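Here the protein sequences come in this chain order: A and B. Going by the numbering used here, the first sequence opens with residue 1342, and the numbers climb by one from there. Going by the numbering used here, the second sequence opens with residue 1342, and the numbers climb by one from there.
Some hints here could point you the wrong way.
When chains are identical, the list treats them as one kind, so a pair holds in a single copy or across two.
[Stated by the list, open to error] Keeping only pairs whose Cα atoms sit at most 25 Å apart, straight-line, the calculated DSS-like set for lysine-lysine is:
id	residue 1	residue 2
1	LYS1359	LYS1575
2	LYS1441	LYS1500
3	LYS1359	LYS1441
4	LYS1441	LYS1404
5	LYS1662	LYS1359
6	LYS1662	LYS1441
7	LYS1647	LYS1575
8	LYS1636	LYS1404
9	LYS1575	LYS1639
10	LYS1500	LYS1366
11	LYS1500	LYS1404
12	LYS1404	LYS1647
13	LYS1366	LYS1404
14	LYS1647	LYS1543
15	LYS1366	LYS1639
16	LYS1404	LYS1543
Source of the hints: derived by calculation from the structure; they are not laboratory data. Nothing here was measured: the structure is a model prediction, and the numbers come from that model.
There are 2 protein chains.
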Amino acid sequence: MSNSDPSIFELGESEALKRAIAHFKPGSHTLIPSGDDAAVIRSGGRYVVTTDTMVQDRDFLLKFSSPENLGYKAVATNLSDVVAMGAKPTSLVVALVVPKTTSVSFLENFARGLQSGIDELFPGCEVVGGDLASGTEIVIAVTAHGELDQEPVLRSGAKVGDLVVVAGTLGKAAAGLSLLLAPDHTLAASYPELVEVQLAPKPPLALGLELAGIANSMLDLSDGLSTDAARIAKASDVSIRLNSSALIGYEAVLELAAQSMTARGFEAAERDWVLHGGEDHSFLATVPAGTLLPKGCKVIGEVVSKSAEPVYLDDTPLIAKGWDSISS
Amino acid sequence: MSNSDPSIFELGESEALKRAIAHFKPGSHTLIPSGDDAAVIRSGGRYVVTTDTMVQDRDFLLKFSSPENLGYKAVATNLSDVVAMGAKPTSLVVALVVPKTTSVSFLENFARGLQSGIDELFPGCEVVGGDLASGTEIVIAVTAHGELDQEPVLRSGAKVGDLVVVAGTLGKAAAGLSLLLAPDHTLAASYPELVEVQLAPKPPLALGLELAGIANSMLDLSDGLSTDAARIAKASDVSIRLNSSALIGYEAVLELAAQSMTARGFEAAERDWVLHGGEDHSFLATVPAGTLLPKGCKVIGEVVSKSAEPVYLDDTPLIAKGWDSISS
């Protein structure tokens, strides 16, 4: 390791932390920032809280994800959960476990990724605290907070007759992961946009908040359409009927990538990515029929009375396949 | 592994989680509990947030700490940070990384430990969410929230003339760790109360809140008196003068344990434990002279004008020794 990029161990934890923290910008909701026993956040009387963990070699591989990617993705996955409740993201705390030999530049670039995720996805949100610990593998545990200006939007609110609506990409993150994992490295290089959605997803948070304003139920698509639609159906005691014709557009943008993979002998199907692929962190909502939808939302089905299965694709039961990231 | 205690992998993560969550009691501040994208918490307009991480073989050893201990300690360390700000603990989210081979009973006992920590230390607080992930070593990352009914008490508020006050144990956690780490296992068995403070500390949270109500500055003693007193002194631009005679009582209860250790050839000094030992998670505060102190608080020094060193023991500079738990 060169002197110009010392390890956290060489530089000392508190100096390394200072360099990382220098990349964070103050937000608009913090009364007392990080540095004392706890941060103090302004709230309008109610706030939401959610936590999500990423573990090295389970949820990400260092050969694919840069430290910036990891920071960015940690922001995206947590803020999409906040927005899926109908809340505006206000603050994050970040617990990071890294080996002591980790370079200070890794820590700084991770912090840069956190801040650029905030800047691009929801400016004004802020990293208000964190904890740096040492371990054998990297663990990133983020807790995010948001403030509610409306009633929270739950999974259990879907009503028969609602339209099923998506905001954001569908299947791109899974396609990106398949491309990355293929032994032929030219594949990932050929579809950088899909790889980018896997490594640093960009959930449309502002659009998600608009959608939350009119939705009866909503969640963020972390585990795939089939799994997450079933969650809404079960929680709401209804069934969901997806229209295959409405999914053609999502499939079309993945078709070339799937063809490139199968041409090289790898298993790939654009429909599987769209139906079962996770980690887009897009929004799935149900809204009353006749509601004016914000631009960028797409109707992909409807809520029907509860029948034998929670989710149907046209008239066929759509069995949920669990999404397990790279550890599957 | 017997069938009566399956692993998380054997039982399935969602069923294992259900069994763990069954040990949690609802609290009084939660509007929407765990189970959706995020929990919703009531707040009086401001809340505090803090996070703390425990890593296997760095912050705890499974040969000493039971899963109940780990849950209990995770609650104690985080709630003491909340209280040290002058806030009432309301909620916790828990990110837990464990190997997939971990038994479901470990998970359940960890959850029991979290709940008994809450029950004993601050009833009404609640686990409102979490995340279970798999990894090679155990990582426990807790984020805790509290509500402020008063102005936050910062490290930077100490005033010349303030009395320096402690609420809680001093040195017992460090003594307990020394006893545990000694190769002679009869030592730890002889001083169960000290070992208990190390494995499952019981910070006096209600007393801490009373103290916060009158304190100019305050923090929780996680890294040792010498280190934490220096933090207040530096943040407040003052010096702190500790009275050795006021520490005699803390030393006295550790004297026998230190003698037992030295008699068996191990290095141990009760004064070192009191001055430099961390993890008691007691409270160190400064209060205006003449203030009526709540019962259970002890004056151990005073705040003086800034001089060459941040902390003095009587007239001698007290150099902070960093506390690094078992990884030191």
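So, going through the hints one by one against the coordinates:
1. In the homo-oligomer, the alpha carbons of LYS1359 and LYS1575 lie at most 25 Å apart only across protomers (16 Å), although the nearest pairing inside one protomer, at 47 Å, exceeds that limit.
2. For the homomeric pair LYS1441 and LYS1500, neither the shortest alpha-carbon distance inside one copy (52 Å) nor that between copies (38 Å) is at most 25 Å.
3. For a Cα distance limit of 25 Å, the shortest separation of LYS1359 from LYS1441 inside one copy, 16 Å, qualifies, whereas the shortest one across copies, 35 Å, does not.
4. Both within a single protomer and between protomers do LYS1441 and LYS1404 lie at most 25 Å apart by alpha-carbon distance, with minima of 19 Å and 23 Å respectively.
5. Within a single copy, LYS1662 and LYS1359 get their C-alpha atoms only as close as 43 Å, which misses the 25 Å cut-off; across copies the closest is 20 Å, which meets it.
6. Proximity of LYS1662 and LYS1441 under a CA criterion of 25 Å is satisfied inter-copy only: 20 Å between copies versus 38 Å inside one chain copy.
7. For a Cα distance limit of 25 Å, the shortest separation of LYS1647 from LYS1575 inside one copy, 9 Å, qualifies, whereas the shortest one across copies, 64 Å, does not.
8. Proximity of LYS1636 and LYS1404 under a CA criterion of 25 Å is satisfied in neither setting, with 37 Å inside one chain copy and 58 Å between copies.
9. In the homo-oligomer, the alpha carbons of LYS1575 and LYS1639 lie at most 25 Å apart inside one protomer (22 Å), although the nearest pairing across protomers, at 56 Å, exceeds that limit.
10. Taking the closest pair of Cα atoms, LYS1500 and LYS1366 never come within 25 Å of each other, the shortest separation being 41 Å inside a single copy and 30 Å across copies.
11. For a Cα distance limit of 25 Å, the shortest separation of LYS1500 from LYS1404 qualifies neither inside one copy, at 44 Å, nor across copies, at 52 Å.
12. Taking the closest pair of Cα atoms, LYS1404 and LYS1647 never come within 25 Å of each other, the shortest separation being 45 Å inside a single copy and 51 Å across copies.
13. In this homomeric assembly, LYS1366 and LYS1404 never come within 25 Å of each other (Cα to Cα): the closest approach is 29 Å inside a single copy and 42 Å across copies.
14. For a Cα distance limit of 25 Å, the shortest separation of LYS1647 from LYS1543 qualifies neither inside one copy, at 33 Å, nor across copies, at 50 Å.
15. Taking identical chains as interchangeable, the C-alpha atoms of LYS1366 and LYS1639 are never at most 25 Å apart, the minima being 34 Å within one chain and 40 Å between chains.
16. When the C-alpha separation of LYS1404 and LYS1543 is checked against a cutoff of 25 Å, the pair qualifies only within one copy, where the shortest distance is 21 Å, while the shortest distance between copies is 44 Å.
Violation of the numbered hints given earlier is confined to hints 2, 8, 10, 11, 12, 13, 14, 15; the remaining hints are satisfied by the structure.
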